[in-house]
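Input sequences plus hints: build the corresponding full structure.
2 protein chains.
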Amino acid sequence: MRLTLRHTVERMVVGTDRLGGRALRHSIGAVPRPVLTSQADDFPRWYREVIAKAELADNGPVRGTMVIRPWAYAIWERIQSELDARIKAIGVENAYFPLLIPESYLRKEAEHVEGFAPELAVVTHGGGKRLEERAVVRPTSETIINASFTKWIDSYRDLPLLINNWSNIVRWELRPRLFLRTTEFLWQEGHTAHASEAEAHAFAVRVLRAVYESLLVELLALPPLVGLKTRAETFAGALRTWTLEGVMRDGKALQLGTSHELGQGFAKAFGTDFSDAEGVRRHPWQTSWAVTTRLIGALIMVHGDDRGLRLPPAVAPAQVVVLVVKDEGGAGDAARRLVDELRACGVRVRLDDRVEEPFGRRAIDWELKGAPVRVELGPRDLAEGQAALVSRARGSKEPIALDGAARRIAGALAGEQAALLADACRLIDDRLVAVDSLTDAIEQGRTGLAQLPWSAVGIHGERELANHGITVRCLRLPDGTATIDREADGLVAIVARAY
Amino acid sequence: MRLTLRHTVERMVVGTDRLGGRALRHSIGAVPRPVLTSQADDFPRWYREVIAKAELADNGPVRGTMVIRPWAYAIWERIQSELDARIKAIGVENAYFPLLIPESYLRKEAEHVEGFAPELAVVTHGGGKRLEERAVVRPTSETIINASFTKWIDSYRDLPLLINNWSNIVRWELRPRLFLRTTEFLWQEGHTAHASEAEAHAFAVRVLRAVYESLLVELLALPPLVGLKTRAETFAGALRTWTLEGVMRDGKALQLGTSHELGQGFAKAFGTDFSDAEGVRRHPWQTSWAVTTRLIGALIMVHGDDRGLRLPPAVAPAQVVVLVVKDEGGAGDAARRLVDELRACGVRVRLDDRVEEPFGRRAIDWELKGAPVRVELGPRDLAEGQAALVSRARGSKEPIALDGAARRIAGALAGEQAALLADACRLIDDRLVAVDSLTDAIEQGRTGLAQLPWSAVGIHGERELANHGITVRCLRLPDGTATIDREADGLVAIVARAY
Chain A
1 MRLTLRHTVE
11 RMVVGTDRLG
21 GRALRHSIGA
31 VPRPVLTSQA
41 DDFPRWYREV
51 IAKAELADNG
61 PVRGTMVIRP
71 WAYAIWERIQ
81 SELDARIKAI
91 GVENAYFPLL
101 IPESYLRKEA
111 EHVEGFAPEL
121 AVVTHGGGKR
131 LEERAVVRPT
141 SETIINASFT
151 KWIDSYRDLP
161 LLINNWSNIV
171 RWELRPRLFL
181 RTTEFLWQEG
191 HTAHASEAEA
201 HAFAVRVLRA
211 VYESLLVELL
221 ALPPLVGLKT
231 RAETFAGALR
241 TWTLEGVMRD
251 GKALQLGTSH
261 ELGQGFAKAF
271 GTDFSDAEGV
281 RRHPWQTSWA
291 VTTRLIGALI
301 MVHGDDRGLR
311 LPPAVAPAQV
321 VVLVVKDEGG
331 AGDAARRLVD
341 ELRACGVRVR
351 LDDRVEEPFG
361 RRAIDWELKG
371 APVRVELGPR
381 DLAEGQAALV
391 SRARGSKEPI
401 ALDGAARRIA
411 GALAGEQAAL
421 LADACRLIDD
431 RLVAVDSLTD
441 AIEQGRTGLA
451 QLPWSAVGIH
461 GERELANHGI
471 TVRCLRLPDG
481 TATIDREADG
491 LVAIVARAY
Chain B
500 MRLTLRHTVE
510 RMVVGTDRLG
520 GRALRHSIGA
530 VPRPVLTSQA
540 DDFPRWYREV
550 IAKAELADNG
560 PVRGTMVIRP
570 WAYAIWERIQ
580 SELDARIKAI
590 GVENAYFPLL
600 IPESYLRKEA
610 EHVEGFAPEL
620 AVVTHGGGKR
630 LEERAVVRPT
640 SETIINASFT
650 KWIDSYRDLP
660 LLINNWSNIV
670 RWELRPRLFL
680 RTTEFLWQEG
690 HTAHASEAEA
700 HAFAVRVLRA
710 VYESLLVELL
720 ALPPLVGLKT
730 RAETFAGALR
740 TWTLEGVMRD
750 GKALQLGTSH
760 ELGQGFAKAF
770 GTDFSDAEGV
780 RRHPWQTSWA
790 VTTRLIGALI
800 MVHGDDRGLR
810 LPPAVAPAQV
820 VVLVVKDEGG
830 AGDAARRLVD
840 ELRACGVRVR
850 LDDRVEEPFG
860 RRAIDWELKG
870 APVRVELGPR
880 DLAEGQAALV
890 SRARGSKEPI
900 ALDGAARRIA
910 GALAGEQAAL
920 LADACRLIDD
930 RLVAVDSLTD
940 AIEQGRTGLA
950 QLPWSAVGIH
960 GERELANHGI
970 TVRCLRLPDG
980 TATIDREADG
990 LVAIVARAY
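As you go down the protein sequences, you meet chains A and B in turn.
Numbering of the first sequence is given in the numbering used here, commencing with residue 1 and proceeding in unit increments.
Numbering of the second sequence is given in the numbering used here, commencing with residue 500 and proceeding in unit increments.
FYI, nobody ran anything at the bench for these hints, they're computed from the structure.
A hint or two may mislead.
What the hints assert, rightly or not - List time: in silico DSS-like cross-link candidates among lysine-lysine, alpha-carbon distance up to 30 Å:
| id | chain 1 | residue 1 | chain 2 | residue 2 |
| --- | --- | --- | --- | --- |
| 1 | A | Lys-88 | B | Lys-552 |
| 2 | B | Lys-607 | A | Lys-129 |
| 3 | B | Lys-896 | A | Lys-53 |
| 4 | B | Lys-825 | B | Lys-896 |
Here is the structure:
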């Protein structure tokens, strides 16, 4: 069975402004010196500086934890809202399962506990007393959710059972990085139970495509490489793991989301079964799937540039910021009118009329935060019946007539979104190179991703790559389509260093 | 200073169908025997049965934890969405703070740690090792949020700082009850910092009225008694606590929400300060405020009856359920058409066409779940061009012509909402009785709430009441207005047994 790959991306890019990214980049006002380390000089440092200066997140006091500040949390709210709609559209209902899981639950599925044991946070005391049984803070919820499924499922009429849980997760991180690897993160985890393996497989793939790929491409302008994980990289306790991998600006890969076919392992461990139409008791086939606040890290590392974050309008908390340069000659009033008009056009817009602060500093702040469009309006602009329109994606600045400006700006947002998607597609073309041998893949892995025949890698090759800090990100066919068959003719591996 | 009380409720009830609750209750189809213990026979048992049979929640495996099932979680999502809009409307931004708090943080505010120490869940091991400093699972976040505020606040220009966090909370419960007292629950907690005490006070009261009272009355049809907590009942570490108290059908009180004026205690403990306009360093004045998944328990105990839950349409996951009695003579198609028409009118509607299950059982299920309006449609109804319209709030059943039914049903939902609010107001009138003495208050406390002069209670009276399991729920003026002045002339105490 084959799954077409990247067709969504192609569809999105065709018909949009392919020249966007190549447009001449004007100098944008007075920027005396860079506020950020450049990506080329020190990418990890650039990443930390963007997060601090754009006020996205802070480290929490317990090692590896994270405070998500309002601007980044508003991005997460947009992701939640769009993702939740897609999850519900395929018939899944939300529920909530407990944070605390008895330690014995994890032990019921042997591979699962082996996978998660090193990362657990353990509660030993509650209400001033030592607990009879220790509880772990959920590192994932397959076990506790299966305990509920066992109560809820009795007949084939109860299937499919399609459940999603929005929650926080704790996995102890020894080398934390904000958004990418944090001891606590936010996510959704979907859990479903089906009467047959074929149905479970079809659902896992539907989530991969209709939920995750759709969200990544349409909302976040993050075109993923989609494929199957190798056995070594499969989720602890699953039959197979489908993955969506992103390509970052430093040439590393980032796993953006996964959809697991769990088989019957958890059902057997927890005694989850149902009577089929003939009255025979059978174990259901299950799936689980998740994306996390890590997506914010991907937004930063794919779209960010030396001036800061660049947000796709679809996910930006403010799509347009109207800056009052000086509140003289009616500029403030004109700006407020424009804000009202933009809001009436359905645009998420903010007014920045903090004229007591230097204009240049405010402009730099909004660049750092990645607001897609800035409209700068001062008394001189107003006298000419216009304002300056600055595109964060294209780095362009041009005059715009105030008359009818709101409608034109609202209409231009789709182009800003498409420009970022086109940039992200080019990034993959630049960084992903086809090679023939393990040696060439290791060389290519210094600066980007390599694609090579899976037959040239295999389990031994995976170990050799690991010695160079490289992992197989996914398996797929050479034309980019995904396949369930790990033995398929011509199967290729995408290998890379990864976050 | 006085705050007008219950005016919102009055405004809501005036002009709506005051007769709703008194309308003749028809018998609704074949109900061979009660599916629930009656409220009069055993209220706690009725409560547990409603939760189980309406599939609202289960007990989790760790003592006191809770699995929130899809129907109840969808109610919570409606509450979240409406509450979030109100919180943002007063200028508050969402953020996320860590689950795990260093134990030493709690000790920094003496009263605070004393209040919460007995309820803490403590993480002692992380990543396979004993932690150098133990971490508590947040029982509330004043301490960890103040640590961030200390970083974020430097100048009076940074104030007011208005932040809200949606999250899960753990407080070890020795006598757990689903939704009411659970070891883990979901909530929002707002935290704000202001330049002056007057501003902090005004904001705490604004939350009390424009956010919480508005939500309770308009969305949940739960008219609260609003007032000030006594010193004994004030939040650990706060100057004063404003509260919204609900009256349950068994005559007990339930605290529905609180808004605290924290003063400068946490700011001093965490070194949070700012330069005022003259450059003098000052501590900000703070507030915090929260409501929780307990609101679902209140919905059950205020609106529920011997047939199950009754949901106000504004919060119901499905406002209308269209039941196909038998899929013959085009009844199924007619039902699907009606569902489409209702959806086009903006109604949240579900189709129940599970005709392989007995009709009576499905009708009882939707009664248990509290769907506000049921439309029953079978071949006989269809032949007469009509359906049966069943109101859960009024217990009435009447024919409705199918032609134009969707618009009329959509229009009638406001009346269903008002009928429940009117019932809840009558419940308060029935259960809250004014008395003169502590002795009479104790007697009245057996079956309801008592209002008596605060001068007849005082600190000694509070202890005496406690011997009878009664607490002072709030202080206010006799006409129902709230006051900040605990020494005000004529101040009365509302006392009751409480959940």
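Checking each numbered hint in turn, tell me which of them this model violates, lowest number first. Hint 3 contradicted; others consistent.
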